[in-house]
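Trainee: For chain A, the structure is supplied; the task is to place chain B on it using the hints.
Taken in sequence, the protein lines are chains A and B.
Just so we're aligned, residue 1 is where the first sequence starts under our numbering, counting upward by one.
Just so we're aligned, residue 1001 is where the second sequence starts under our numbering, counting upward by one.
To be clear, the hints were calculated from the coordinates, so they are not data collected in a lab.
It cannot be assumed that every hint is accurate.
DSS-like mimics (lysine-lysine), calculated; alpha carbons at most 27 Å apart, straight line [claimed, not checked]:
| no. | chain 1 | residue 1 | chain 2 | residue 2 |
| --- | --- | --- | --- | --- |
| 1 | B | 1003 | B | 1100 |
| 2 | B | 1003 | B | 1112 |
| 3 | B | 1100 | B | 1073 |
| 4 | A | 57 | B | 1112 |
| 5 | B | 1016 | B | 1112 |
| 6 | B | 1100 | A | 57 |
Derived, one-sided and incomplete: chain B residues facing chain A with beta-carbon distance under 8 Å [stated by the list, open to error]:
| no. | residue |
| --- | --- |
| 7 | 1043 |
| 8 | 1044 |
| 9 | 1045 |
| 10 | 1047 |
| 11 | 1050 |
| 12 | 1061 |
| 13 | 1099 |
C-beta: ideal position from N, C-alpha, C; glycine also.
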Amino acid sequence: IAGITQAPTSQILAAGRRMTLRCTQDMRHNAMYWYRQDLGLGLRLIHYSNTAGTTGKGEVPDGYSVSRANTDDFPLTLASAVPSQTSVYFCASSAAGRSDTQYFGPGTRLTVL
Amino acid sequence: AQKITQTQPGMFVQEKEAVTLDCTYDTSDQSYGLFWYKQPSSGEMIFLIYQGSYDEQNATEGRYSLNFQKARKSANLVISASQLGDSAMYFCAMMANAGKSTFGDGTTLTVKP
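One chain only, chain A, in its complex shape:
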């Protein structure tokens, strides 16, 4: 069982380019999340999905979009990358709700120049 996979592992991107970060889980979890972690800081929620077909905005959604076409996949898209989006991006999933542990992917390190 792989758990949660993210791709790519790292990426250097020119400002203004479009980029999709991929996230796949094999645990059949209902809820999925995207976070960004800036250097030396905690995680901030970008977008989330309670179940396939639904998405919601987190604390820092501007400049990002997500989709949840099925249970397993939750891609994050940067439509036009800016340097302030340089960060480590973590995808996570949980069975559902506030009492369920979030399991995290290994992260994607994104640098926007």
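Mentor: Relative to chain A, chain B alone:
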């Protein structure tokens, strides 16, 4: 709005001793979960322990225990018998629902031999 405060940017502990990492939180929700995660230098996020807001007993997981004081809105992590491998960043987090997931800025723990 939810908020997690970790007031100790860095902590040192002698190997085999116990250490307490502080976490206070603020929320208007009545029902929520509190979590601690460990992030070693390799970058992955590792779940350690969970406490529900209605749980009357403090959570324990091996060498980890959570000192939950609801009236004071604190959820401190206690690590007993520290090991060199405990050196890492530790994050306190809270979730009221999938759209309300908040992390603190973390505490860097260094275990001295």
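Trainee: Please verify whether residue 1100 (chain B) and residue 57 (chain A) have alpha carbons no more than 27 Å apart.
Mentor: holds, 10 Å
Trainee: Straight-line Cα separation of residue 1003 (chain B) and residue 1112 (chain B) no greater than 27 Å?
Mentor: violated, 31 Å
Trainee: Below or equal to 27 Å on CA atoms is what counts here, so check residue 57 (chain A) against residue 1112 (chain B).
Mentor: With Cα atoms ~42 Å apart, residue 57 (chain A) and residue 1112 (chain B) exceed 27 Å; violated.
Trainee: Between residue 1003 (chain B) and residue 1100 (chain B), is the straight-line Cα distance small enough, at 27 Å or below?
Mentor: holds, 10 Å
Trainee: Next item in the hint list is residue 1061 (chain B). Is there a CB on chain A closer than 8 Å to its CB?
Mentor: violated, 11 Å
Trainee: Would the hint linking residue 1100 (chain B) and residue 1073 (chain B) be met if the CA-CA limit is 27 Å?
Mentor: The hint holds at about 17 Å.
Trainee: Restraint: residue 1099 (chain B) near chain A, CB-CB cut 8 Å. Satisfied or not?
Mentor: Holds, about 5 Å.
Trainee: Using 8 Å as the Cβ threshold, decide whether residue 1044 (chain B) counts as touching chain A.
Mentor: holds, 6 Å
Trainee: Taking the closest Cβ pair, is residue 1050 (chain B) under 8 Å from chain A?
Mentor: This hint holds: residue 1050 (chain B) lies near chain A, its Cβ roughly 6 Å from the closest one there, short of 8 Å.
Trainee: Holds or violated: residue 1045 (chain B) as interface residue toward chain A, Cβ cutoff 8 Å?
Mentor: holds, 4 Å
Trainee: Take the C-alpha atoms of residue 1016 (chain B) and residue 1112 (chain B), compute the straight-line distance between them, and say whether it is at most 27 Å.
Mentor: holds, 9 Å
Trainee: Quick check on the hint: residue 1043 (chain B) CB to chain A CB, less than 8 Å?
Mentor: holds, 6 Å
Comparing the model with each numbered hint stated earlier shows that hints 2, 4 and 12 do not hold.
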